[in-house]
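These protein sequences, in sequence, are chains D and Y. Using our numbering, the letters of the first sequence map in sequence onto residues 19 to 165. Using our numbering, the letters of the second sequence map in sequence onto residues 14 to 235.
Since the hints were made in silico from the structure, they are not lab data. Quick caveat, the model's predicted, so the values are computed rather than measured. Treat the hints with care, since some could be wrong.
Stated by the list, open to error - Only pairs whose alpha carbons sit at most 20 Å apart, straight line, appear in this in silico EDC-like list of lysine to aspartate or glutamate:
1) Lys140(D) x Glu137(Y)
2) Lys113(D) x Glu98(D)
3) Lys101(Y) x Glu141(D)
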Amino acid sequence: MKNKQIIKRVAQLFFLTVFLLTVNADEISGINFEKFRVILPPSVASGTAVYGVIKNTGLVADTLTNITSNAGSAMLHKTEIQSGIATMNHILEFKIEPNSQLELKPMSYHIMLMNINHSLIKEGSKIFISFEFKKAGIIKIEIPVLR
Amino acid sequence: MLTLKTLEKWGGVLYRHLTLIVLLLFMNTANASQDTLPVISGVGGNFTAVDGDGNNIKFSNYKGKVVVLAFGYTNCADICPFTLGYLKQLYNLLPEEEQEKTQVIFVTVDPKYDTPKHLKTFVEFFNEDFIGLSGSQEQIENITSLYQAEYRSLSDEGEIATKDIRRVTPRKSNDDNEKGALFSHTVVIYLIDKEGLTRSLEYTGTVKEVFAEKIRNLINEE
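With the hints as extra help, turn the sequences into a complete structure.
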């Protein structure tokens, strides 16, 4: 008898959880950051690149709308090479589908940090970058500076 | 019919002509680099520029060395540091005696911002042996024209007044109108022989060991 009650309670809890998840499914966005690093620039450079992977492990798409940093002004850029000529294009926003990712890497999408503060960007240091998403909101991460 | 006697006869012929055979093989090897890396006519030539010490130089000053030449600018955050990082790794594949016979040159497409001294500090971050070349706008346009390279200012993208920058180091100038520009530009890496002739067009996608071998062949070329 007691076991039946326990099973009943567990089942109620289970269905309640599923219900809540379902009701809010259109709001759930799971954003994760992997392998982020700032590339150490020459001391006279006014900018540098940031690379890494942004994964959306959630149930719905989410859109990256803004990037800020304590070490300089940040923008999402994409390098495109056509006929041996490289162009960098500013990307205003980027939609990451569920179970998908945005890979920031050389000669491709990357975060361009401009007018950098060299006292913050030096070998072995870490800086902060905040990523603003439509659903996930603002996520701030600490990123190492690597040579 | 193939008999032992026939084999002995041909073996003897081969032995007697061994010297000639070895000579022919040697000649083929010596000419291999010219066959595999033909001169790319119409790309390259002599030009004048300003090096990192402020000296007026001619490209012919580097005759006798194999030159690896690339274009870019110091405000470039992604491609140019990546290219120079690649060239640094490439250069490090060469033993010291080959490094002495090789010159990596980075020509700016933004001579307005990249003064010789500024450019020198930038390229030497990657390797102290690398040379940055700047100059007048006309000199840079001449160089890019000779190498059929292209560049253009992305004038409305990323130009920010440097007076608004939070800085620790002094600004390059006190000009309140100074801005940093972004450029699109050729990413080809030019491999130039000891006579100043362009022999190959490479990219950062070229396997470094293969690239190093090409440099080596040109160094050893008669």
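Verification of the hints:
Among the hinted pairs, Lys140(D) with Glu137(Y) is consistent with the structure: their alpha-carbon atoms are about 17 Å apart, no more than 20 Å. Distance restraint check for Lys113(D) and Glu98(D): the Cα-Cα separation of roughly 19 Å lies within the 20 Å cut-off, and the hinted pair is therefore satisfied. With a CA separation close to 18 Å, the supplied pair Lys101(Y) and Glu141(D) stays within the 20 Å bound.
Violated hints are absent here; each numbered hint is respected by the structure.
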